[in-house]
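Q: Chain by chain, the residues run as shown.
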Amino acid sequence: MTRKTFLTENRSIFWFLLALAVFTLVVTVLSTGAGTGAISTSFVKTLGRTLCLMLVAVAMDVVWGYTGILSLGHMAFFGLGGYMIGMWLMYARTEIIVAESLAAAAIPPTPQEIHDAVGTQIFGVVGASEFPAIWFFASSFWAQMALVVLVPGILALVFGWLAFRSRVTGVYLSILTQAMTLALSLYLFQNDSGLRGNNGLSGLQNLPGLDAVPQSLVSIWFFWGSAAALAAGYLLFAWVVSGKMGSVIRGIRDNESRVRFLGYHVESYKLFVFTLTGIVAGIAGALYYPQAGIINPNEIAPIASIYLAVWVAIGGRGRLYGAAIGAGVVSLLSSWFTSGGAPDIPLGFYTIQWTDWWLVLLGVSFVAVTLLAPKGIGGLFDLMGRTHPVMPARVGGYGPDKGARRKSEGEEEK
Amino acid sequence: MSTLLEMSGVSVSFDGFKAINNLSFQIGEPELRAIIGPNGAGKTTFMDIITGKTRPDEGRVIYGERSYSLLKMSESDIARAGVGRKFQKPTVFEAQSVRENLAMALKNKRSPFDVLLYRKNSEGAARIESIAEEIGLTAELARPAGELSHGQKQWLEIGMLLAQAPRLLLVDEPAAGMTPAEREHTTDLLRRAAEKHAVVVVEHDMEFVRRLNCKVTVLHEGSVLAEGSLDHVTSDSQVIDVYLGR
Chain A
1 MTRKTFLTEN
11 RSIFWFLLAL
21 AVFTLVVTVL
31 STGAGTGAIS
41 TSFVKTLGRT
51 LCLMLVAVAM
61 DVVWGYTGIL
71 SLGHMAFFGL
81 GGYMIGMWLM
91 YARTEIIVAE
101 SLAAAAIPPT
111 PQEIHDAVGT
121 QIFGVVGASE
131 FPAIWFFASS
141 FWAQMALVVL
151 VPGILALVFG
161 WLAFRSRVTG
171 VYLSILTQAM
181 TLALSLYLFQ
191 NDSGLRGNNG
201 LSGLQNLPGL
211 DAVPQSLVSI
221 WFFWGSAAAL
231 AAGYLLFAWV
241 VSGKMGSVIR
251 GIRDNESRVR
261 FLGYHVESYK
271 LFVFTLTGIV
281 AGIAGALYYP
291 QAGIINPNEI
301 APIASIYLAV
311 WVAIGGRGRL
321 YGAAIGAGVV
331 SLLSSWFTSG
341 GAPDIPLGFY
351 TIQWTDWWLV
361 LLGVSFVAVT
371 LLAPKGIGGL
381 FDLMGRTHPV
391 MPARVGGYGP
401 DKGARRKSEG
411 EEEK
Chain B
415 MSTLLEMSGV
425 SVSFDGFKAI
435 NNLSFQIGEP
445 ELRAIIGPNG
455 AGKTTFMDII
465 TGKTRPDEGR
475 VIYGERSYSL
485 LKMSESDIAR
495 AGVGRKFQKP
505 TVFEAQSVRE
515 NLAMALKNKR
525 SPFDVLLYRK
535 NSEGAARIES
545 IAEEIGLTAE
555 LARPAGELSH
565 GQKQWLEIGM
575 LLAQAPRLLL
585 VDEPAAGMTP
595 AEREHTTDLL
605 RRAAEKHAVV
615 VVEHDMEFVR
625 RLNCKVTVLH
635 EGSVLAEGSL
645 DHVTSDSQVI
655 DVYLGR
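These protein sequence lines are chains A and B, in that order.
Residue 327 in the working numbering is what sits at position 327 of the first sequence, and the numbering runs on without skipping anything.
Plus 414 on top of the position in the second sequence (first one is 1) and you've got the working numbering.
Careful: at least some of the hints might be erroneous.
Stated by the list, open to error - Now the in silico label distances, taken between C-beta atoms and shown as ranges:
1. B:Thr-552 to A:Leu-236: 32 to 38 Å
2. A:Trp-239 to B:Lys-432: 47 to 53 Å
3. A:Ser-365 to B:Lys-467: 40 to 46 Å
4. A:Arg-165 to B:Asn-453: 33 to 39 Å
5. B:Arg-557 to A:Arg-11: 17 to 23 Å
6. B:Lys-432 to A:Asp-192: 53 to 59 Å
7. B:Phe-428 to A:Leu-371: 35 to 41 Å
8. A:Leu-162 to B:Phe-428: 27 to 33 Å
9. A:Leu-361 to B:Lys-467: 45 to 51 Å
10. B:Ser-416 to A:Leu-236: 45 to 51 Å
11. B:Lys-432 to A:Leu-162: 56 to 62 Å
12. B:Gly-454 to A:Ala-232: 54 to 60 Å
13. B:Thr-552 to A:Arg-406: 25 to 31 Å
Claimed, not checked - Which stretches of chain B does chain A cover? Using the computed rule of at least three CB atoms under 8 Å from a CB of chain A, they are:
14. 488-495
15. 582-594
Source of the hints: derived by calculation from the structure; they are not laboratory data.
C-beta: ideal position from N, C-alpha, C; glycine also.
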């Protein structure tokens, strides 16, 4: 008997990582920064951002597809991760620019003068010049990197603790998560929130001290970073949902109270999954926004988290690669349609412009997938895989809970 | 035989309807006890109170040597303290294999981090094998539990109860949907469990209760109507009036 290892038991992980490696290699070879130049720098950035969205979708699948918590607030954690890295990027780069301009003055500036000048530069746009308390760590790269993990993690922990402890489930929990992301985004829209209100943080594509490095190369670095994060995150979540942990969280999804009567403290499990996925979402956001160049409170509007759920649903919930593929395909299609890539369709009396009609198309596909192909895009892999035994139709779903898996969603990867 | 569970003066009402009315009950370890009573007598509510699903309005529920009050504990704490329950309607995890169902129930540490770092071991596998053999599902270990027949699900549910290695087993209608041979096997299994632990069986089927050959408690309108041997309670005039006579 051959020894069973984590990878041999989960073949889909191997194939996913292989596909990701090949994709990374091909993009690198064709890129402007490190290869032939067939792919433009801006498209490398789009692809890098897509990898980050795939990572947050995988996290979403763990929290929704596996644990049955339909969180419609995970993009808040994603955005917070972006804000945290954005604060350091903006501070460090402004500091260099300010120091350069002040160096020409007759009297060399004191550190306090430089700090104040940075404040004026950053907050002039919202009519302030003082650094708010939340920028205390912005001058330290490592402290701010720690906040990328801590801020989303602590928000998820506190929110989850309050919500799960009161046994809020199902649609009520979804509404609560929407309220959380809406409240956060409204708060950040205020000019005195300390994060530049609706202007957000900008110029994030410029790495401090690396002005000499062309964007074509920076974009490839971030692309690699995003690919590595996706691979690591995928492995982490594949490990979490395999084995006994996976068994318990899928049990919670299908029949929460039964898991309780087996002696598992359901709330702790939900909190664990919610917080872990929140942290990974934060890391994904920290890689996304330097590639986008700008972050503003609109990014964490409730609709963003709803899109996330739509990607996972279209990709196929309950299998990690499905979520990743769904996010990749839908977000790339979305940027193709909305950036004028798709040709308009003249109907004579009316011209379909995809920038307007893309959302309609997305909505229709979402409804179609939910009704006609609940397994999503990921379900296509069942067709070429091993044949499944025909199950007797004894029950319609796998459990009494609202989020329980339905028979029509097929077998999930374990 | 020492007392394992003691309920005294427990009452609970739902919207004014008294489901349990000043109920007192105790069971020792080891002991086998059957609970009978007409529909609506409060049998399921009785189990809900012990397992923490329903909080009584008044009364005390004391468990174990150290006399813990179960009323202050959550469902999962109570289960970890050694109270196992088999539901009337089999509730197994249908999307998961029989082996996974048993592995989840297997007595082990239950915190998220313990479970995350849990590694399959030969000891656990051997326990699962022996339970599967006991419940006759050895050949079905790899199949999803959703594919099992109703009777097999019943057995799986009993297997999950055994895997938890509880001290107090609450068994709701174990014989429903079983063949006569399977009923005999169930009786045998429950009697064996009761050699070491406390077993409470709720059952409608008088033949089944007779085979258990144990002390019987009759519930009616949320309180104990009679208690004693089956012959004793079936000759009780009140019992005949409210239950057997109908």
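Q: Against this structure, judge whether each hint is valid.
A: Checked hints:
1. B:Thr-552 to A:Leu-236: 32 to 38 Å: The hint (32 to 38 Å, Cβ to Cβ) holds, given that B:Thr-552 and A:Leu-236 are roughly 35 Å apart.
2. A:Trp-239 to B:Lys-432: 47 to 53 Å: Cβ of A:Trp-239 to Cβ of B:Lys-432: about 51 Å, so the range 47 to 53 Å holds.
3. A:Ser-365 to B:Lys-467: 40 to 46 Å: holds, 42 Å
4. A:Arg-165 to B:Asn-453: 33 to 39 Å: holds, 36 Å
5. B:Arg-557 to A:Arg-11: 17 to 23 Å: Given range 17 to 23 Å: holds, Cβ gap about 21 Å.
6. B:Lys-432 to A:Asp-192: 53 to 59 Å: This hint holds: roughly 58 Å between Cβ atoms.
7. B:Phe-428 to A:Leu-371: 35 to 41 Å: holds, 39 Å
8. A:Leu-162 to B:Phe-428: 27 to 33 Å: holds, 28 Å
9. A:Leu-361 to B:Lys-467: 45 to 51 Å: Since the Cβ atoms of A:Leu-361 and B:Lys-467 sit about 47 Å apart, the hinted range of 45 to 51 Å holds.
10. B:Ser-416 to A:Leu-236: 45 to 51 Å: The hint (45 to 51 Å, Cβ to Cβ) holds, given that B:Ser-416 and A:Leu-236 are roughly 48 Å apart.
11. B:Lys-432 to A:Leu-162: 56 to 62 Å: Given a distance of about 35 Å, which is not inside 56 to 62 Å, the answer is violated.
12. B:Gly-454 to A:Ala-232: 54 to 60 Å: For B:Gly-454 and A:Ala-232 the Cβ distance comes to about 57 Å; the hint holds.
13. B:Thr-552 to A:Arg-406: 25 to 31 Å: For B:Thr-552 and A:Arg-406 the Cβ distance comes to about 30 Å; the hint holds.
14. 488-495: holds (count 6)
15. 582-594: With 0 residues close enough to chain A, the hint is violated.
Checked against the numbered hints listed earlier, the structure breaks hints 11, 15; every other hint is satisfied.
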